[in-house]
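Using the sequences plus the hints, can you model the full thing?
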Amino acid sequence: MNAASEPIVAIRDVHQSFGAVEVLKGISLEVPKGGVVCIIGPSGSGKSTLLRCINGLVPINKGSIRVAGFEVQKLKTDQEKIALRKEVSMVFQQYNLFPHKTALQNVMMAPIHVLKENEAEVRERAVALLEKVRLTEKANAYPGELSGGQQQRVAIARSLAMQPEVMLFDEITAALDPETVKEVLTTIKELAQDGMTCMLVTHEMRFAREIADVVHFTDGGVIVESGPPDQLFDRPVKDRTRAFLSQIL
Amino acid sequence: MSRLRWHEARGTDLPVLMPSASHIARAAAAERTSGFFTLRLQPAHGAALLLLFLIGCGVAQAQAEAGHPSIVATIWKWTPLLLGGFLFNLAISAVAMTVGTLAGMFLGFAQISLLPPVRKGAWLTTHFFRNAPWLVLLFYCMFLLPFQVTVFGITIPIPDWIKATLGLALPVMANVSEIVRGAVQSIPTAQWESAASLAFNRRQTMWKIILPQCIKRMLPPWMNLYAILTMATVLTSIVGVTEMMTLTGRALSAENRPGLLLAFYSYVLFWFFLYCYPIARWTVRLEAKYAVNQ
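Residue numbers (our numbering), protein chains in the order written: chain X, 150 to 398; chain P, 4 to 297.
Certain hints may be false.
Using 30 Å as the maximum straight-line C-alpha spacing, the simulated DSS-like pairs for lysine-lysine come out as follows [said to hold, decoys possible]: (1) P/K292 <-> X/K250; (2) P/K211 <-> X/K225; (3) X/K223 <-> P/K211; (4) X/K265 <-> X/K250.
Because the hints were derived from the structure by calculation, they are not lab data. Note that the structure is a prediction, hence the values are computed from the model and not measured.
Listed below in structure tokens is the structure:
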């Protein structure tokens, strides 16, 4: 088997329901290592739920998800899920920084407490990560003192500090004002260029076109259409895709 | 003046008037967490008490017969004894608060346990002791606890005040349990989620992320509970503990002057006010500060 051709994320026929409501109705997709995949679609189409399934926050009812060597649907104990989450990190729409810790401490916490790494090494890495997201001067600021865009970049640095294999981004610019969206997207772009495997749920179509290798359009819990951004945005095949894009663009 | 303080707390020098609705909402939220009315003592309350005391003194003076010492001299004479009793009240409140807080923290954690029997048992215990009348709990402890225990042949007496203190610690425990549970559950679930996606386990999430954020939320209701407990320590006089109320009663019977009643009891009230006032003011200030920061 050739490891390079093996996709790092392989999702097969995933079904998921909250009570009687079926949110995902058979989703299949693959992401190669270092690939950047964007998932677009109307609200309530199950995009965020899919991401939550991938790092085991939400259990699936049927199908299989294989990520970084883990069979997610087979992980039962907390310990198994923790092992998965060390490799698959998630950034949220509302940043969810820890408000009682400074930016630097937010970035350092998980590697110190979860990975049990040496504090001096973690600090070095955290400082470098904050520099990477251009927040060196805010290292000692608390989340409450930072703008939304700055908080989101700290959140990205915090996830990167775990040195994951895959990064999941759940509508990370949805809560930001247009001017700060750009700074966050620049960070993601650099990340993708560095070869990080990224899955993004986003409403930023222009950004998706710029950054993605493949774009998936979801609606009603299924993938309606997939393809490289040029094809999906310029020559969509399905009527539903066309209707959605004409409303957004 | 109090308006000005709001501005400081809000970190702005603009003349912002807080809408009264948010005051009421915040007060209601605080009272829900603590399970009690929040003591909102004002200087005016102290002035009213002082006035009551002065009226009491006036009444006593007017009823004084020839040969009685002045009311001020009488109160001054008894003050060392009464203050000794007051210190005993404070000691009872401190011990009951410490014991109740430690037990209440365990009970509070048990209330958010993932194991249903633990959680339900803790819930039942909490609500039983939280809703039982304090005086009834006090009587239970007085009459159900032995007056001495024998451990390894050594007989250790349990004085009444220890039993009374335990009786007061029970409702404190139940209320602290609710404060802990309420604070933990008031932290947004997003914090749990983001901790989980950084591979924290439940224990680490609790100790490193959730509880540090809870302390701010727990402090005001906890201090309020302490002030209320301090006032409740006079209940122990009913079960025979020699604290300030008991001593006041004894002083009055020794003096045998009915006119002194109002003066002496408002004097007691005034001491409690002096002690609780700073706590109440500080509580309200912390509440406002944390409400702004969240």
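Now the hints, each set against the structure:
no.: 1; hint: P/K292 <-> X/K250; result: holds (18 Å)
no.: 2; hint: P/K211 <-> X/K225; result: holds (24 Å)
no.: 3; hint: X/K223 <-> P/K211; result: holds (29 Å)
no.: 4; hint: X/K265 <-> X/K250; result: holds (18 Å)
Consistency with the previously given hints is maintained throughout, with no hint failing.
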